[in-house]
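Q: So you can see what is in the structure, the chains are spelled out below.
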Amino acid sequence: MNPALVRLFAASLGRRRLATALALFAIALGVALGLAVQLIHEAALDEFGRGMRELAGEADLQVRSGRVGFDEQLYLTLALRPEIAEASPVLELDARLPGRAGTLRILGIDLFRVAHVQPALMPVADDRDARFAGLQPDTIFLSAAAQDKAMGKGRGVLRVQSGVKVVAFRVAGTVPGAGVGQALGVMDIAAAQEAFGQVGRLTRIDLKLAPGVSREQAVTRLSPLLPAGISLSQPEASGTEAAALSRAYRVNLTMLAAIALLTGGFLVFSTQWLSVVRRRREFALFRALGMNRGTLLRGLLLEGAITGLAGGLAGIALGHLFAALAFRLIGGDLGAGYFEGLRPSLQFSPGVIGFYTALGVAAGIAGAWLPAHDATLMGPASGLKAGAAEAAVLGGMKESRGRGALACFGLGLFACLLPPFGGIPVGGYVAVALALACAVMVLPWATRFSMQVLNVGRGVVWRLAHARLAAAPGQAVVAGAGVVASVALAVSMAIMVSSFRVSVDDWLGTVLPADLYLRASSAGASGFFDADALKLVENTPGVAFIDTVRATEVRLIDGRPPVTLIAREVSRGWGLPLVSGSLSAHQRDDSTGLPPAWLSEAAADMLQLAPGSTLSLPIAGRMNLFRVAGVWRDYARQNGAVVIGRDVYRQLSGDLKVNDVAIRVVAGTSVDEVALALREVFSDDLVDIAMPGEIRKLSLEIFDRTFLVTYLMEAVAIMIGLFGIASTFAALSTARKGEFGMLRHLGMTRAEIGRLIALEGGLTAAVGVGVGVVAGGGIAWILIEVVNRQSFHWSMDIHVPYAGLAAFSLGLVVLAAMVARVAGYRAMRQSAVLAVREDW
Amino acid sequence: MMQRSRHIFATCLFSALCAVNAACHADSDTGVLRGAGPAYPGVVPGETLVFPRDHGAHPDFRTEWWYITGWLRDEADVERGFQLTFFRVRPRIAEGGSSRFSPNQLLLAHAAVADPARWRLLHAERAERSLPPLAGAGEAHTDVRIRDWSLAWSEAPGVAGAYHARVGAGEFAFDLELRPEGAPVLNGQGGYSRKAPDPKHASYYYSRPHLKVSGHLSAGHDAHRVTGAAWLDHEWSSEIMPDDARGWDWIGVNLDDGGALMAFRMRGEKGEPIWSAATLREADGSLRTFQQDEISFVPTREWRSPRSGTVYPVAWSLHLAGAGNAPVRTFRIVPLMDDQELDSRASTGAIYWEGAVRLFDDGTEPQEIGKGYLEMTGYADRLEM
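First to last, the sequence lines map onto chains Y and D. Position 227 of the first sequence, counting from 1, maps to 1046 under the numbering used here, and the rest follow consecutively. Position 355 of the second sequence, counting from 1, maps to 359 under the numbering used here, and the rest follow consecutively.
Note that these hints are calculated values from the structure, not bench results. Small disclaimer: the values here were computed from a predicted structure and weren't measured. Hints are not guaranteed to be accurate.
[Stated by the list, open to error] Derived, one-sided and incomplete: chain D residues facing chain Y with beta-carbon distance under 7 Å:
id : residue
1  : P95
2  : I97
3  : A98
4  : E99
5  : S102
6  : S103
7  : F105
8  : P107
9  : H127
10 : A128
11 : A131
12 : L138
Just so it is clear, CB atoms sit at the ideal spot from N, CA and C, and this is done for glycine as well.
Pulled out of the complex, with its shape left as it was, chain Y reads as follows:
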């Protein structure tokens, strides 16, 4: 295409700056969001992986378990095996820092072994005469990042939590081999075992193989020696695991980006369609002057591509900005806790930049495709005739789309049935796109149908508006497509978020039945209650009875993140939010005699187990059989959780530690008073004391903050929809100058014409909103039942915010009428005589 032609088409974008700018903005937002998520996550994953590699050092294989660890005897067994050249035992802990946010990773190491396998972990003493510093039971060595994180300036003592006590270590030096941003402490393994109540336990063994032994051979020969639940894998596997851990979360954010991009594409579609309609005569002239169809098509696609490219480039810049800001403000974590403590740096990758630019261009071209295609179908002769533009708008959408709508519907239903692909609900996303397409295609039919229903003549203006829409449903498509898309997206998100929020609220009510909760730390960290601490709780005045929760981790499938194992009492009314099965420990149809276990939905999906089946859990190095008694809903642990009876767990594991204590107070006692009494027993820094109301409030606050971005997306979508109405009616008013002039001649006042336009706008929007609400409901169903189920493995009860949706729809129709009225204002100002004459 020669440069003159490029200018010819590109110049058209300049004539509709606002429309182009909005389309550009939507595309830029989509690209930016997607890119930022990818950049942040890749950098964090890179950093994480690098950290893992540094820590694994020259290890060929790693023996790993969850945080619970395994008996140290395994190290002695493996270290003497002929397949092993070097073995290095590690006890890894997340030490809670009293009075500070987050935890510090502490690695208990054997100095003599680390030198051979993980030289990066080698501690270096500051003190010149620090003899045996690395072996002293009271010393720790901190990486530079850990110094920043865990220490006040100029202090030589690190205080960490162990149980419900504080242990202090003298900071004797540094870990220079730890990568930048790796916050970790290194200390002697014996000291770590004793300080954190883990005598006899290890969490990891790094292995270097003897010459001539392959990893596969070693895995084959050594695996039989491993206790149940312990994996032997290559060090890289933990990076893969981390990626799997955060994949669903990333997909969710990327979905938001995709929705923004899709909206951008729709906006390109609607502005481009209008532009094509308006420029029919122009195109007919081009064709008459010898431009062939291909050139016209390419020219129009070029317009879309330019918008897409500009949006893409703006998005690239914005995305890097977002990512850089996120690194500075929240680290590489994206708020989900998977990469807490990492401070990665922004990296520019030409490949990623190219891909996201291409995505923007693709959105632009996709939006421009249909209008461009339609423009080329027009015959030059008919296009040159006066009123051609109007005719095009009037007949724009034909019945042929009806079959398309049916096809989309059918395909969408089918896509919902597909299983997730690599953990990502691809089918669900395809179904969402198909639902949108179907809604747009069904719009002309819906317009005609609703006009038939609304065929109740009243005033002239009503009948005129009604007649026009009934006769020219294509107009509704042009103006309404944007409305349908944005309403559908907004409604679906509103329904999903509302369902989610209500479900979470209900769920919190069920999982937090006690009056008061004590938490020493989460599953992995170093805080816990022992028998003495529990006695103190029980003896606090006002405490009626307590229930304890022990949370640890078990690895059920190699290469997948470990599952949380929760040991607690299930009867006594401390219920579980069951979705299937029963809470009763003894079921009538049970002949197995196995102890019951309740799986969270995520765990049930991962293991593909249903109530009644048998589950084997590795506890204390042995496989133990359980009967799946029920499946429960869990919004807290995305990687899955298994609940078993407390006594069963204690009997199998001998582990008497407790993470959480639920307290019911004596009737008539103030919960606040009991909380105060407990506060005097336990230090503020070491034990969290919370009332269910507070936990619930905090949880919902976090929830709302997380979904804030979806409200923003909804607002953008609505703005885009309204803009579609405005630009359509501006164009239509121009095209219908003659018609309005004629109406003026026939005696209609300007105000009446204004009302006519407003009414048409309102009706168009009403149909669009109606279709959009229905489509949005469908999409919400897909999001809840397919996308969420498949990517997060949690179900929710559908909760439609009817009042909100009704107000929203009504408001949107009124807004659309006003917007149409304002947009059409210019057309009404014109002299009626002039307007009529212009057409002749």
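Based on these hints, arrange chain D on the given structure of chain Y.
A: Coordinates of chain D only, in the frame set by chain Y:
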């Protein structure tokens, strides 16, 4: 007496591990450390060594070692020297800890092969905390191991007992049986071996010369069947080093006539002897001990290490006073090869010379009368402990 070098080896390995460039201070063990148990027992004269119990470890004492040196001859009559030392250190850390990993006993080992065909030493080292069965030192009889390295006594009814030494390193490996002939030789006053003018600087020390060696040795890609004669020192102490010592010279030689000679001197800041002692077992089994001015070490030839630049007196004359009116006996010490320097500054901080030597008499045409090992420390930088 090798204690200085072995002690330095034991302590400096840790300080190097724990603090690059950190100096070691022998007197820093004041008992104020957390987890430090009872004080180290002193070494006093008059104690009777009881065997086989005293062949085993003495974990209360601060430092202990089993030190084997010897000459091996392979099928092709090629002669090589070998050395294997196991150290046990009680750092007075984490004593009474409940973890099996508690570093209250540390074990280190050091092995070397002097191969004249290579003109240098092959050497390797190991270090672990005591963690049976991976690493440990048994108390009943000699039984020390660090992973696949070990030195252990074994005996069966009807078969004479023997030591077994097993070492595998990248460059070399050996698996040797060492059979003693005769009782241990007690150095000093019945095993109480004084090291300095202050009698508290002393060790319990016995030697087992003329161990009959047979087994396998590989150096590089070559594997050999070997036989030979070796020397075992077993020494334990708590406060062995005086502060003003800079280094020492030590020899242990199996004499061809069946006798055995051990001699050491500790040198002060300027190289002056602070303390000297020797034990000579004659062929007839009679024992003579020498002390202070009854012994003199005279260097006869020096060699400069091309790597460290350190100058070592690699050849010596050793003079022992005669009993009564008997003339002074003179021995000439000649190295198997000059370069038997061990530069392990990167790992242990120590740099010293430890190698195979031949012993000649003082005749006009000197005859070789024995083979053994010579150790010289403190010739490079002044070693801090």
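Q: So, S102/D near chain Y? Judge it on the closest CB pair being under 7 Å.
A: 5 Å, holds
Q: Could you check if P95/D really has its C-beta closer than 7 Å to a C-beta on chain Y?
A: 5 Å, holds
Q: Quick one, is the A128/D hint okay against chain Y at 7 Å, beta carbons?
A: 12 Å, violated
Q: Should the hint that L138/D touches chain Y count as held when the rule is a Cβ pair under 7 Å?
A: At about 6 Å, which falls below the 7 Å cut-off, the nearest Cβ of chain Y leaves the hint on L138/D intact, so it holds.
Q: Does the closest beta carbon of chain Y sit nearer than 7 Å to the beta carbon of H127/D?
A: 17 Å, violated
Q: Given F105/D as an interface hint, is its Cβ closer than 7 Å to any Cβ of chain Y?
A: It holds, given that the least Cβ distance between F105/D and chain Y is near 4 Å, below 7 Å.
Q: Do the numbers back the hint for A98/D, that is, is its least Cβ distance to chain Y under 7 Å?
A: Holds: closest Cβ of chain Y sits about 5 Å from A98/D, inside 7 Å.
Q: Taking the closest Cβ pair, is I97/D under 7 Å from chain Y?
A: Where the cut-off is 7 Å and the nearest Cβ of chain Y is about 5 Å from I97/D, the hint holds.
Q: Restraint: A131/D near chain Y, CB-CB cut 7 Å. Satisfied or not?
A: 5 Å, holds
Q: Holds or violated: is there a CB of chain Y closer than 7 Å to the CB of E99/D?
A: Violated. Min distance 10 Å.
Q: Tell me if S103/D is really an interface residue toward chain Y, meaning its C-beta lies closer than 7 Å to one of theirs.
A: 4 Å, holds
Q: Would you check whether P107/D satisfies its interface hint, that is, whether its CB is within less than 7 Å of any CB in chain Y?
A: Because about 4 Å separates P107/D from the closest Cβ in chain Y, which is inside the 7 Å limit, the hint holds.
Checked against the numbered hints above, the structure breaks hints 4, 9, 10 and satisfies the rest.
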